[in-house]
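Participant: Going line by line, the protein sequences match chains A and B. Position one of the first sequence corresponds to residue 20 (my numbering), numbered consecutively onward. Position one of the second sequence corresponds to residue 191 (my numbering), numbered consecutively onward.
Treat the hints with care, since some could be wrong.
[Unchecked claim] Straight line, CA to CA, 20 Å or less: simulated SDA-like cross-link-like pairs of lysine to any residue:
id	chain 1	residue 1	chain 2	residue 2
1	B	Lys256	A	Val358
2	B	Lys303	B	Gly353
3	B	Lys364	B	Ala325
4	A	Lys95	B	Gly377
[Claimed, not checked] Sample of chain B residues lacking proximity to chain A, with all beta carbon distances greater than 12 Å (derived):
id	residue
5	Leu232
6	Lys424
7	Val448
Derived by calculation from the structure, the hints in this document are not laboratory data. Note that the structure is predicted; figures quoted are calculated from it, not measured. Glycine included, C-beta positions come from ideal geometry on N, C-alpha and C.
What follows is each chain in one-letter form.
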Amino acid sequence: MSTISALHTTNHVKHAPHGASHGPANYLTAGYGWKSWLFTVDHKRIGLLYLVSVTAFFMIGMAAAGLIRYNLIDPKGMLPADLYNKVFTAHGIVMVFLFLVPVVPGVLGNFLIPIMIGAKDLAFPKLNLLSWYLYMAGAACACWALLSGGVDTGWTLYPPYSSRSHTNVAPVAVGIFIAGFSSILTGLNIIVTVHQMRCPGMTWFRMPLFVWAMYATSLIMLLATPVLAVTVTLLAVERLAQIGIFDPKLGGDPLLFQHMFWFYSHPAVYIMILPGMGVISEVITCFSRKNIFGYTAVAWSSVGIAVVGFLVWGHHMFVAGEGYYLAMVFSLLSMFVAVPSAIKVFNWTATLYRGSITFQAPMLYALGFIALFTVGGVTGLFLATLGTDRHLHDTYFVIAHFHFTMVGGMVMAYFAGIHFWWPKITGKMYSDFWSRIAAILMCVGFFMTFIPQFIAGYMGLPRRYNTYPPEFQVLNVLSSAGSTVLGFAYLFPFTYLIHSIFYGKKAGDNPWGATGLEWQTTSPPPTFNFNYEPVVTEMPYEYSLATAPKPTFSYSSNGEAVKEEEHTHVH
Amino acid sequence: MLSIDLPFLPPRASEQAAQVDYLFYFISFVTGAATLLVFFLLVLMCAKFRRQGSADRTPRILGSHKLEIMWSFIPLVIFLVMFGWGVVVFDQGFQAPADAEEVYVVGKQWMWKIQHNDDNGTREINELHLKVGQAVKLTLISEDVIHSFGVPAFRDKIDVLPGRYVSTWYYPNKAGHYHLYCDQLCGTGHSQMVGWVHVMEPSEYDAWKDGKRPQGDGPTDGSLAWQGRKLFLKLQCSSCHNNKGRAPILEGIWGTTVPLKGGGSVVVNEGYVRESILHPKKKIHEGWEPIMPIFEGQLADPALNLSEEEVLVRLVAFIKTLGPGQTPVRTEQFPPPIGAPTEDGGKK
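Please model the complete structure; the sequences and the hints are all you need to start from.
Facilitator: Here it is in structure tokens:
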């Protein structure tokens with residue numbers, strides 16, 4: 020603890036002089052020039068570095084998705100087979116390792132966790148910057164491998180195909196390995212921060228649920244990612260040194276890889292979804308002006324998901340030859356992991372009860388999340404059940420299922436979070452009208468894209484097919500049309516959010532009237548987050564008390580926000 | 191048989207498929223109802239509890255353990271029902287009936303080589319002809335990477351691994367032509383590794399089988415076991431595996447449990463026989479010296495157009511049927527079955 024405080028003092032001294040002359044001092048005006056960004060140890064600035072980089076990788080991943088949907092317009096395929104294999108591999112690797120895993124921990128986690136618990140920064144600010152550099156190094160390596168020659172194994176890298184493929188498997192493995200360390204260090208940083216840096220009065224059960232979710236996520240990042248690192252290392256060793264580990268030709272066992280890969284990659288889906296769930300708890304409570312329904316249950320369900328999530332990896336291998344009894348055990352455990360997710364959905368819904376609900380963009384995204392995540396969750400039951408998985412495994416049903424959880428769930432939650440905290444991050448308010456249109460358009464495009472894939476999946480269409488039987492064309496064209504709407508919808512926030520930075524109205528410190536320490540400080544916050552020593556005296560989400568902050572929006576009589584008001588800075 | 195067909199269902203060609211569909215309907219119904227309930231509640235709440243004005247006061251509701259226990263426990267019970275039912279349906283895929291006909295499938299990039307274990311030695315590529323009402327057991331292996339043998343009409347799919355036999359079985363009950371897919375990414379030609387399963391009425395099927403027989407009195411390939419017997423002689427297995435005591439006699443050994451050197455035991459099945467040919471020193475039969483050479487990489491027979499795995503399949507089929515006193519020493523002692531080629535007359 021003492022070393023941590025010492026580190027902080029040092030930083031404080033180093034940064035305090037900056038920005039004093041630029042209006043009200045905040046973390047954005049604390050320094051100018053590229054050095055002030057690339058060598059920053061301010062968690063908020065590092066969060067913005069992540070924001071810019073994940074957005075870039077999201078766009079690369081989206082471009083690959085566009086090519087996939089373009090290829091599938093015609094049953095004979097529009098791209099050569101090898102290119103198509105490389106495109107969907109790039110889509111998977113970029114979206115999973117460079118977008119979904121780091122997006123919320125890197126952007127929102129970085130920005131918010133210290134502020135939410137009343138700390139000046141994360142426990143290890145320099146380590147935090149190192150995390151970002153590792154992430155960028157891994158990403159550069161992976162992107163170079165994917166764009167220069169490509170990898171054709173799918174993101175799952177199953178040997179012995181990946182042991183023998185003539186594509187850039189080893190460089191991509193190195194990229195994943197390096198990026199993995201970024202994850203491990205971020206997880207470590209968050210865990211120590213939550214344990215050690217909470218401000219006076221911030222007991223464990225007064226922490227915002229976003230912090231709980233991030234804490235659970237960090238446990239997984241810390242414990243599961245090393246296994247991924249080991250796995251891809253072994254794969255690279257097998258390829259480079261021809262040592263038999265996974266390839267039966269060399270005396271290895273391909274199922275060993277699958278066990279190790281999914282031992283990370285199943286918990287990894289919770290790395291991707293848990294932070295999203297945390298965001299939703301913050302947004303739902305704020306826009307219904309209610310306490311969360313069952314704080315303890317929602318908090319512990321995050322931890323429950325993280326723990327049981329470690330025990331279900333074998334449900335990816337029911338028909339892979341893992342054996343009958345093992346399949347039974349994994350099917351049963353998968354049923355147990357579904358329960359905490361169900362609890363969360365019901366508790367969020369119950370939170371709305373007797374609320375005073377408004378429908379700004381964050382809330383629309385959050386409601387979209389609940390709807391889409393519910394579909395994603397229940398369709399997982401078809402795959403956790405042995406009898407039906409035998410038919411559905413490796414078909415488009417699986418693709419539709421995990422896109423509902425990852426895109427319908429996680430990406431929607433990320434957008435909910437970005438829209439919710441944007442006024443805090445930038446101090447500016449974006450267009451209310453366009454942000455709502457975008458949220459609705461995203462939901463529509465999403466349903467159009469992925470509902471046909473459930474049907475194609477039950478009809479048996481296998482994944483990763485460059486060409487397909489002509490009877491599936493109608494469904495594929497529908498899906499491709501939907502993806503066009505979805506891709507178009509994603510460009511909206513990109514446009515109006517950037518617009519808001521330059522032309523947006525000042526947001527004020529607490530436009531949504533939200534509880535939580537992050538809303539008590541200025542927008543954007545000062546470098547060390549608070550100009551006073553924060554003290555917490557109550558539970559989070561006390562929206563029903565008379566002392567709760569009020570939204571600084573003005574509402575028309577029908578309850579809709581008409582226009583953001585100009586606010587003067589109080590501080 | 192009860193039959194409910196919905197649009198958007200793939201054709202259904204076996205009783206197993208119907209079982210999967212019923213389970214699918216059950217899960218669809220339950221999860222559909224739950225999802226609609228959530229949607230309905232969301233819409234209801236959003237409509238009913240919209241913000242009325244700045245004077246709104248919300249009640250301070252912190253939760254209800256009673257409700258939480260209810261919506262944890264009820265889903266759990268439903269999930270467990272799904273689990274149990276799923277196990278029952280899954281289980282059926284593992285128990286081929288005793289009268290099932292045998293088919294061997296060898297997958298490679300990018301085709302399915304299919305070998306019926308009939309007295310014709312019928313071979314097909316990317317096509318599988320089956321008879322209505324005749325159970326069939328598939329034993330599958332891959333020559334290179336992982337493939338997956340999937341037939342949606344049977345609601346069945348199994349990953350086909352290199353280096354290891356797996357098996358599944360079907361009981362086709364409806365004639366028709368059904369898709370056969372490779373479901374595991376296996377490279378450039380993955381989406382070309384497709385074919386058809388033709389389920390035929392018995393008379394039609396028998397006619398098809400007859401058509402595969404060579405014209406007139408010409409020799410056929412003989413059954414798989416017969417071909418295996420030829421290979422057994424050609425590879426000179428019988429110089430040691432005979433009654434002279436250099437190696438174990440293989441007669442009647444199939445299905446028995448043999449003790450291993452250094453403890454433990456193993457059941458003689460497809461996997462053990464295959465492994466003992468390729469890597470004889472891995473599991474040594476107690477009481478015998480490890481003198482057999484490693485055959486891995488030595489078995490492919492270009493003259494017969496057989497890959498290593500295809501040779502192994504034939505040797506396995508032969509050893510499976512090898513009864514007392516049947517170890518061949520010289521071919522002429524044992525006349526070939528009717529229609530099968532003789533050792534020298536069979537070659538072109």
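Participant: All the hints need checking, so say for each whether the structure fits it.
Facilitator: Consistency of the hints with the structure:
The straight-line distance between the Cα atoms of lysine 256 of chain B and valine 358 of chain A is roughly 16 Å, inside the 20 Å bound, and the hint therefore holds. Of the pairs offered as hints, the one joining lysine 303 of chain B and glycine 353 of chain B holds, with about 16 Å between alpha carbons and a cut-off of 20 Å not exceeded. For the given pair, lysine 364 of chain B sits about 12 Å from alanine 325 of chain B by alpha-carbon distance, which is consistent with the 20 Å threshold. Only pairs whose Cα atoms come within 20 Å are accepted, and lysine 95 of chain A paired with glycine 377 of chain B is accepted, the gap being roughly 17 Å.
For leucine 232 of chain B, the shortest C-beta to C-beta distance to chain A comes to about 6 Å, within the 12 Å cut-off, and the non-interface label is violated. No beta-carbon of chain A is positioned within 12 Å of the beta-carbon of lysine 424 of chain B; the least distance is around 25 Å. Residue-level check passed: valine 448 of chain B sits 22 Å from the nearest beta carbon of chain A, beyond 12 Å.
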